[in-house]
Amino acid sequence: MAKSDDCVHILQGLLVFGNVVIGMCGIALTAECIYFVSSPNGHYPLLKVTEDSDINAAAWIGIFVGLALFALSILGIIGVIKASRTLLLVYIILMLITFAFEMASCITAASHQDSLTPQLFLKQMLERYQKSEPANNSDNEVTKTWDELMLQNHCCGVLGPSDWQEYTSAFRLTHSDADYPWPRMCCVLNAQGLPDNLDGCKLGVPGYYNSNGCYDAISGPVNTHAWGVAWFGFAILCWTFCVLLGTMFYWSGIEY
Amino acid sequence: THTMLPLLLLLLPAAHGIAQLRYRPALTKDPQLEGLTTASTFVLDQPRCVFDDYGNADIWLVVALEQAAFNNTAAPGTPETAFQGFPDRVRAYMTLNTTLVNYPCPKPDGDITVLRVGSETSCAQEPTRPTCNGPLPGPGPYWVKFLALEGSVPVAETAWSEPIILRTAKSPNSISTTGSGHSAGMIAITTILSILFAILLAGLVAMIIFWSSDSCSGSSTFSKPESVTVRRYNTHHVYDQPAARL
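Residue numbers (the working numbering), protein chains in the order written: chain A, 227 to 482; chain B, 1250 to 1495.
Don't take each hint at face value.
[To be verified] Straight-line distance between alpha carbons at most 30 Å, and here's what the computed BS3-like set of lysine-lysine pairs gives:
1. A:Lys357 - A:Lys370
2. A:Lys370 - B:Lys1419
3. B:Lys1356 - B:Lys1278
4. B:Lys1419 - B:Lys1278
5. B:Lys1419 - A:Lys357
Treat the hints as calculated values from the structure; they're not laboratory data.
Please build the complete structure, drawing on both the sequences and the hints.
Here you go:
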């Protein structure tokens, strides 16, 4: 029947198009996740120390899922054109497994992004920054990361310099409150790395110390990272859902 | 009573002639300082244009835990007013002495004229430096006033300040890091994806059942015309043999 032939061809065309999009999205997902895993922004030590490396795990899963999507989309295109029931069944099953993995990755990225509150970073900073007997190397890394962070972003503490006043800290154990109301890195530094005006910094005169907190500088990259993995993955999965439903429909119509 | 007292003193003969200046020391309001009070220091305005009549006097700052504990006849630099004895043996100490030369009047615009009480950490434990401006040992409350001494005779004093309370630091263990709950986005992602996945699984199960039940193709839109299976009948003659059939 001419009409049903047309319908077959339209459905085949749609499925091939859908699979092409899935393939391209798979490559894009892989590229994005490789970028996040190897990202040059140095906040990874902070995240690693919070024992919260799940966002990184989500990115690693994203890499493999992306490659799998690309390979399966090619399989799907071949299966649709050849109208082969076996190929399409294999395709559907493997796609469902990939769907499940990507679903896990999205949910992990979304829920761990929620757990990165200012309080988490504040507690970590107070307990580990400039710890005098570093228990392991990660304490040194925390100190180095915070020093770089405060220097480059002209910020102090998580919510502000008063973090150092409101709470006792490892820093406070070795640096007296009168000499160091807050770390020297919170002062505006000159080219030699020394405070421009040490008294002004200790007093807290506007212009001689950094008055904002660093939370915005930390959470910005982390949020982009997490939402990139979570929401882009979600979009791909929605599209994949439609293509898979179409494939199942097509499969059930292929003559045996 | 604070306004009555200077008038009364002016009328009396100059036996105890300590002038009561109508200046009350206060924490600096302008500019806004982040470190106005810390755990062991605080910042006062300098007493500019207050001691102008006393060009020959030494102006001392008195820091006390109780106003009554300080007697104006106490001499600075003695163990009774030494910082090192504060707060156990000494309830009020004297520090930050200077002459009027350092408090020129009027204050130039744009200059920050403050006194940071508690900034000298090097002499805090040195008994040879009883007038050390050492860090304060606790959150207070503290009262301060300025006292002008000519030689060892007190000639003028300001009023006591309002009580000054310093900051107390909490332990970081009091910070709760249990998450603030799940955001709407995360719940939406989880719900929607779970539903989609369930639908796909149902579809897969339906497909497998469909295949294994070996029924005719269900959807008719694009199935090709069914190939009719033809049964082949043996068409040779069948002799009537009613007796053999039952």
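Results of checking the hints against the structure:
Between Lys357 (chain A) and Lys370 (chain A) the CA atoms are separated by roughly 11 Å; this keeps the pair inside 30 Å, and the hint holds. For the hint pairing Lys370 (chain A) with Lys1419 (chain B), the CA-to-CA distance comes to about 25 Å; that is within 30 Å, so the pair holds. Under the criterion of a C-alpha separation no larger than 30 Å, the hint pairing Lys1356 (chain B) with Lys1278 (chain B) is consistent with the structure, at around 15 Å. Note on Lys1419 (chain B) and Lys1278 (chain B): the hinted pairing holds, with a Cα-Cα distance of about 26 Å set against a maximum of 30 Å.
Simply put, Lys1419 (chain B) and Lys357 (chain A) have alpha-carbon atoms about 18 Å apart, close enough for the 30 Å limit, and the pair holds.
Violated hints: none; the structure is consistent with every hint.
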